[in-house]
Amino acid sequence: MIWRMGLLALLSYWRRHPGQAVTLVLGLALATALWTGVQAINAEARASYDRAADALEQTTRPSLVPSAGDRVALEDYVTLRRAGWQVSPVIEGNLSAGDTRYSLIGLEPLTAPAVPRGAGTGAEGLSAFFGPPGQLLAHPDTIAALAGDTDLPPRVASPDLAPGTLVGDIGVVAGMLGMGDALSSLTVLTGQPRDDAALAELTPDLHWQPPREGTDIGGLTRSFHLNLTAFGLLSFAVGLFIVHGAVGLAFEQRRGLFRTLRALGLTARVLALLLAAEMLLVAMLAAGVGIALGYVIAAALLPDVAATLRGLYGVPVAGAIALRPEWWLSGLAIALLGTGVATAQYVWQLARSRARATAIPRAWARASEGALRRQAVLAGAILLAAPLIGLLGSGLAAGFSLLGAFLLGAALALPPALAGLLALFERRAKTPLTEWLWADCRLQLPGLSLALMALLLAVAANIGVSTMVGSFRTTFTGWLDQRLAAELYLNLGEDARAAELRPLLDATAEAVLPISAVDADLAGAPGRLYGQPDHATFRDNWPLLAAGPEVWPRLSTGEGVLINEQLAYGADVAPGDTVTVDGTALPVLGIYSDYGNPRPQAIMGLEPFLTRLPDAPRHRFALRVPPETVPEVMAELQAAGIRPDQMTDQAALKQVSLQVFERTFAVTTALNILTLSVAALAILTSLLTLAALRLPQIAPVWAIGLTRARLGALELVRAGLLALFTVILALPVGLVLAWVLLAIVNVEAFGWRLPMHLFPADWAAICTLAVLAALVAAAWPARRIATRPPAELLRRFADER
Amino acid sequence: MNADRRRLLQMLACTLPVPALGQGFAGLGSDADGFAIPQPDPSFRFPADHGAHPEFRIEWWYVTAILDGADGRQYGIQWTLFRSALAPEDRAGWDSPQIWFAHAGLTTPERHFVGETLARGGIGQAGVRTDPFEAWIDDWSMVSRARPGADAFSALDLRANGPDFAYTLALDAEGPLVFQGQNGFSLKSATGQASYYYAQPFYRVTGQLDLPDGPIDVTGQAWLDREWSSQPLEANQTGWDWFSLHLDGGEKLMAFRLRDDGPGYAQANWITADGENSHIGDGAVTFTPLGWTDIDGRRVPTEWRLQIPARGLDIATQPLNPHAWMGTQLAYWEGPISFSGSHSGRGYLEMTGYD
Amino acid sequence: MLLVVEDVEKSWPGASGPVPVLRGVSLSLDAGETAALTGESGSGKSTLLTLIATLDRPDAGRILFGGTDITGLTDPEAAALRRNRIGLVFQQFNLIPSLSVAQNLSFHARLAGRHDPDWTDTLAERLGLSPHLTKYPEQLSGGQQQRVAIGRTLALRPDLVLADEPTGNLDEATGDAVLDLMLALTAETSAALLMVTHSTRLAARLGQRHHLHSGRLEA
Ligand SMILES: Nc1ncnc2c1ncn2[C@@H]1O[C@H](COP(=O)(O)OP(=O)(O)OP(=O)(O)O)[C@@H](O)[C@H]1O
Ligand SMILES: [Mg+2]
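From first to last, the protein sequence lines stand for chains G, W and Z.
Position 162 of the first sequence, counting from 1, maps to 161 under numbering that gives the first Met the number 0, and the rest follow consecutively.
Position 280 of the second sequence, counting from 1, maps to 279 under numbering that gives the first Met the number 0, and the rest follow consecutively.
Position 10 of the third sequence, counting from 1, maps to 9 under numbering that gives the first Met the number 0, and the rest follow consecutively.
No wet-lab data here; the hints were simulated from the structure.
Quick caveat, the model's predicted, so the values are computed rather than measured.
Cβ coordinates follow ideal geometry from the N, Cα and C atoms, glycine included.
Where hints are given, some of them may not hold.
What the hints assert, rightly or not - According to the in silico footprint, chain G covers these stretches of chain W (three or more CB under 8 Å from chain G):
1. 93 to 101
2. 130 to 141
3. 308 to 315
Stated by the list, open to error - Here are some of the chain Z residues that sit facing chain G, going by a computed Cβ distance under 10 Å:
4. 12
5. 14
6. 52
7. 102
8. 208
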């Protein structure tokens, strides 16, 4: 009975204050939403990579590939099998449907290491897969995109495949691609040892290729996910703050009610239990709303994320969010955990307090100087330890630990720093009003510090991540300009064809620069070796990070090689050192930046390269033509039988990259605004929580001769100042964050270091936005003060409260 | 992912003439669609019939050998090439509807080695050629070295390997081909399911086994079975127990029983040492399990009593290694046995449907 | 006349309609004059004081301060009046918690722009607050807090001091001492004093005595 009455009384409070109920649920829900949304995007992207990487199990295996050309003869496969080699044939190609290109893979299901799920079962299933007409397995999205295409074999959904990939029986795909008896490569199966001598004897045209380049999709895309992970961590922290604020509000505002209930005979224990039950209810409700909101956020952002990943790394990601337990459960967890942590503190207080004391405002009054000093010392220790973690540890984990420690330290340091700053201003204050303003700021600090810490983290992460993405964009586009200095790139597929077309090319272009590349063992790791002609196009533009003397002449005469930054980091070499290329030690002439490529790479002068590797393919060219004639030249070449997919137009490529970055920025901006909103909401709830405590602090000033309007305005000024200080302190934190991401985490993750570019305009925008957000959050509480009926203020002087 | 490949291969296995897996599978119990059906009183033509019959759904070249090692120990090997057709025809290249796969077993008293491989027809990775005779898949092969004019099966070289074993054996026949069932028409049920079935049970073997501990020279006896059909099973048949026995007196006995919900369906052929062959129909052979072996939760009858009263045969069989389980995509028990009683000798036992 | 209260009426909202608290109260006070206001708890003494202090408005009647009606002042005008001319000492919660005792003492005077450090020091000395100047309100006892409030008010040198039971929290001896001080200091600054008190003994020491009963003043 008493339980029911108690619960009814507690709940009736919300009925009478629907606004507060909404704030509480909304606060919790938003925190949950942001976290859930980011988690959902990450989960979806991760699932896509896993699909892409695992579905065919080819990416992780060595393969046998043609030494020249791009075809493997079927006889070679049979020869190898009949010699006992464990290999499986693969055909790969592209399929254009509409303006989309799909990658088409043909597998031989009897020997393939894995076959994606989805094919039918039994002899009928296998018959259907073999055809005619055969079947193509694909991700449901891809099937949807191809719906109605009647030229293709029937499509069958496979949960294992990444979007954009079609997998069919090797016979079916060979037919579609007009490959006849030819194969693309042979996948080497588990247990097949490498025996190059035997291979050379059996099939001299094939060579062993270690697990394929660029297929470590996880590694490639980690860069992008750093963004999201940073936001995920941050939203988690900000979320906890806001939940804390919202729950605090719910308790502070009902102290009177608690007192009454206690007076009516509810024991502290029962009251505490009732409150715990009530909060569980609220948390569940908020979690539901938050997860739904998170889904909406993720669904809205995922297309941009997917486009970015596809554009930047060629990683196909599904465009739709699936309801995965890993993210919605984590959303539920954060809502419950956050509410739990925040509630526990209050419930514990309540359960221990005497009936009379229930109504006495929490001792939030003045922050104890000692506590602040202790917090400052702790923050300092953590901040000092952070670089130590970076120095002592290694790898990505250390990088992230460093980041975590740094952010935590910075957040902890905020309240003492602000207190010091405010004390300084208070001492400097000339008028009584400013003196009071600063003093009162300091008084509010303990109650606001959680929210302000959330704001600090939000702003710091925003600055850090936008600096990183911005630096990445600036560097990457600049690098593209350097690397893609020629106007047009051709890959003619076959040497014979290239030789045939060469006169035409010479006649059409100002300069025809042959490019050749082979897989090579670079300092013990699989990499790629390029032959590059000696030409001003390269000499003037190549993005050298470090160079010895006479780089270009020495390169052209074969005195050494240029290596990419990844190789330089990996082999720990600098210009002047030597690096082994397929077993030969060659001097390093220079180091160049090579973003977006995880593998070691080296460049030799074309002449020495071809002398060394006479069989290297010679069907790729860079063409110099006047930029304005590119479309013309392309049309001309197409008329001569060069397919559009064999030509790459530098300008178009750059435009695509830029578009990709725009979409990345769209995602980043959206998340920026969301995190800031959450931080602002934390400020709002904190201020509302404080409002009840504010009256006795404000009423005397009012009585002494300040209008309520003035007091409200000052309240706003105070929030704005606190936000401003916080934001100013967040700026260096954000920049350090960016530096760590660019100079430490990036190097650990991908082997290249991005130069840090500064974007003061962005900072200004973010800071303004953050202060504005804080002002908006403070506006409502300030207005409530400005319009408070005098009677309420008066009661401060009479109430026993 | 590997599990998925397994699934796909299992669906392949469903097309094979193994009763346990055939059970309940549409297409096996039912009428063959477009596939030829064995007819009584066949007349075989060689060497053509040593080769593949793509118009039939299933076919195999099946060799078992009981061997004595130079180390004084007993061994057994199995070599089987299966052909399974998705359509009753053959085409060149990837379009071929023929699927080939093969099993190799090597049994020692303590261990049992298994190898398995699969191949697509039409591209040359596996197949059977009649002149000169060769059956192959990957680097496994059964190649004739018969004298000109002699039957291709009179002399064969056999090789196969698995992850941790290999064998190379020379088989030389000391008797004629034997036509099982009634002149090579072997009934598999009372309702007329049948296969074409002939054998060469008179091989003398020499060769070498490659085991993890090193090579071992062996000699012994071998038995080759050839069988093809399109619909070997009735819906209610769950598996079979199949014996090929080399009696010490030089006689050979082939006996099998297809298990069903009733007493089963048994057939046998008694071949004298000089190749005289008599058919023993259903009801004249009794199979009684005497001992069971637990193999990964399966209860497999590895000791048997076999009785053919008309021939005065009453023997009990013992496996060389009761754990001769073929853990291939389609799994079954197959291993060397010895027997005693009214007669004694050695042979091979294959049991399916205990999976 | 410094202060004239004419037929002032005030009701507070109650559960069943407005509850009249003041039903026509009139009094007048000249500069330098002192008056005591007594009445049982809940009779409306504090309410009357807040109306005079322009913290709230009467429902009817007029309040003239220095000859002008202050019942219709705008918020800023009322604030200016309080800031410059009226000193207030409430029953409790007088002090600004974020400011130190010294800052509290001088706050009102500085706000009004006539801070006299010497005078404030004197007041602190005479109110016995000198040892507590760097403390914060929450570190003071109730009586000490009241003395700070009185000091703050007198530091302003207002025309009118409105005191709501300033000694209610104090023991009798201290209360007497504080009252003595207040009377002495108001006399020195020639401020008028309207003081609510429960104590007839204290009331006897003031110039006028009014008793509030059933919403009306009785002599
Ligand atoms: N802001 C308010 N809203 C509603 N009612 C009020 C308010 N302030 C006072 N009252 C009511 O008006 C009546 C007079 O209150 P007031 O505080 O003026 O009494 P008082 O004479 O000062 O009492 P005490 O001696 O206890 O201080 C009381 O019944 C009180 O409940
Ligand atoms: Mg009162």
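Now the hints, each set against the structure:
Only residues whose beta carbon comes within less than 8 Å of a beta carbon in chain G count, and the stretch 93 to 101 of chain W has 5; three or more means the coverage holds. Judged by the Cβ-Cβ criterion of 8 Å, the stretch 130 to 141 of chain W is covered by chain G as claimed, because 3 of its residues qualify and three suffice. Evaluation of the coverage hint for the stretch 308 to 315 of chain W: breached, as 0 residues show C-beta separations to chain G shorter than 8 Å, against a requirement of three. Hint status for residue 12(Z) relative to chain G: holds, with the closest Cβ pair at about 9 Å, below 10 Å.
Violation of the interface hint for residue 14(Z) is found here, the shortest Cβ-Cβ separation to chain G being roughly 16 Å, above the 10 Å cut-off. A hinted interface residue such as residue 52(Z) counts as satisfied when its beta carbon comes closer than 10 Å to some beta carbon of chain G; here the least separation is about 7 Å, so the hint holds. Given the 10 Å rule on beta carbons, the hint for residue 102(Z) holds: about 7 Å separates it from the nearest Cβ of chain G. For residue 208(Z), the suggested interface contact is broken, since its CB lies about 23 Å from the closest CB of chain G, more than 10 Å.
Checked against the numbered hints given earlier, the structure breaks hints 3, 5 and 8 and satisfies all the rest.
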